[in-house]
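Required output: the full structure, derived from the provided sequences and hints.
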Amino acid sequence: MRDIRLLTRMFIPGTLIGPFTQANPGLGGVCTFVGEVRHDQGVEALELTHYEPLTLPGMHDLADRAFDRFTLMGLLMVHRVGVLRPGEPIVCVSAAALHRRDAIDAVDFCMDHLKSAAWFWKREKRAGQWHWIEPRAQDHSDLARWQS
Amino acid sequence: MRDIRLLTRMFIPGTLIGPFTQANPGLGGVCTFVGEVRHDQGVEALELTHYEPLTLPGMHDLADRAFDRFTLMGLLMVHRVGVLRPGEPIVCVSAAALHRRDAIDAVDFCMDHLKSAAWFWKREKRAGQWHWIEPRAQDHSDLARWQS
Amino acid sequence: MVLLGKLADLGGAPALSLAGPLDWAGLKAALPETLSEAIDDPRVRVAVNGALLADKAALQAGEDDEIALLPPVSGG
Amino acid sequence: MVLLGKLADLGGAPALSLAGPLDWAGLKAALPETLSEAIDDPRVRVAVNGALLADKAALQAGEDDEIALLPPVSGG
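Those sequence lines, one after another, are chains A, B, C and D.
For the first sequence, numbering that gives the first Met the number 0 gives the first residue as 0, with consecutive numbering after it.
For the second sequence, numbering that gives the first Met the number 0 gives the first residue as 0, with consecutive numbering after it.
For the third sequence, numbering that gives the first Met the number 0 gives the first residue as 0, with consecutive numbering after it.
For the fourth sequence, numbering that gives the first Met the number 0 gives the first residue as 0, with consecutive numbering after it.
Simulated from the structure, these hints should not be mistaken for lab results.
Careful: at least some of the hints might be erroneous.
In silico EDC-like pairs for lysine to aspartate or glutamate, Cα to Cα no more than 20 Å straight-line [unchecked claim]: (1) C:K5 <-> B:E123; (2) D:K27 <-> D:E62; (3) C:K27 <-> C:E62; (4) B:K121 <-> B:E46; (5) A:K124 <-> A:E46; (6) D:K27 <-> D:D64; (7) A:K124 <-> D:D8; (8) D:K55 <-> D:E36; (9) C:K5 <-> C:E65; (10) D:K55 <-> D:D40; (11) B:K124 <-> C:D40; (12) C:K5 <-> C:D39; (13) D:K5 <-> D:D39; (14) B:K121 <-> C:D40; (15) D:K5 <-> D:E32; (16) D:K5 <-> D:E65; (17) D:K5 <-> D:E62; (18) D:K55 <-> D:D39; (19) D:K5 <-> A:D67; (20) C:K27 <-> C:D63; (21) B:K121 <-> B:E133; (22) C:K55 <-> C:E65; (23) C:K27 <-> C:D39; (24) D:K5 <-> D:E36; (25) C:K5 <-> C:D40; (26) D:K5 <-> A:E46; (27) D:K27 <-> D:E65; (28) D:K5 <-> A:E123; (29) C:K5 <-> B:E46; (30) B:K121 <-> B:E51; (31) C:K55 <-> C:E36; (32) C:K5 <-> C:E32; (33) D:K5 <-> A:E51; (34) C:K5 <-> B:E51; (35) B:K121 <-> B:E43; (36) D:K27 <-> D:D40; (37) B:K121 <-> C:D8; (38) C:K5 <-> B:E133; (39) C:K5 <-> B:D63.
Here it is in structure tokens:
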């Protein structure tokens, strides 16, 4: 069961994860990561821009790689675009597998790649002004963990 | 927010994770692992025995170590005991943190230690007969990952 | 005395009552032979009143103490 | 032409129309100077009709092609 989506509206992760778990009968474990917009000092909103012809195919390509690399029964990968407020969920990745190591590692792998290799551009609003968020060195070291 | 429990009755993970997430406002991410009793060939039921004076303190001690080792806002660790049927949830660990690496690694750490260092004895029923489950070498190699 | 996991099968029950005081030799002498042999396994741990013993051979239990015999825990 | 991320600010709009055909030199000549300089950054990628170019200097775009200018993606 594979469910890859870009969402333009607020979502409740539990409403996705329940049905996802049900859709993979016989699983041994499900690992889920939900990222929320942090209440960083002075940040009023976060906007994610994407480029449709690359972003969704990029997520599908990442899902292909996760299925190749881990023994998975199902993968859910949902990412928000548009304007988000602090506390809103921005990303939800859930992996179902017979064994917990595959489920946990697949979520870790997808999150590292989504954060740094997916086609999203973010800016945050502070004191009424939008500021673009630059790439971070940390993201490259996260990715390097998987290059063996 | 710290919630450590042994449950003797069937539980629905979503009913624990929603309130847990709400109880940690300002988090950056929540990672959750739910393990279910697998539909292994011929297995009709799984029984978990525990020794109350050691098992729950052992889970609290594990939670202490997770809080020491990772930067966490909250940790939920729930384990079933008693007789379970295939498909029922057996364990749920959820970690809330500002940063995803802490949340994911804390869940991974707790699961590796819960599975192999916590005081649970398991037996499974096949063709009407109960059979004790022995320790596995895999569990020791999982634990060794954290000894650096 | 509390027997966990497969030791309960060897003891025929999950709990037994033995007259105290007991040291390790006295405990082994009071148990059925297969159980007595099984608890020599170095992976079998012993707790008295919920506290694990570092060295089970140093067991000293009184009349009202709860001794727990704990085999290795099951794999995931 | 589609401008993503901060390149949209430099271009003054998220999308521009340019007359084709265009190669890389023609594209740069047709853009505002700050934007034209910004896209020389080796981390800026170019896609034509949703397909990334391995070498953006080899750009060859016709009248109806959609060119996307993609700055490095934001960190987590």
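Tell me the hint numbers this structure goes against, listed in increasing order. Violated hints: 11, 17, 19, 39; rest satisfied.
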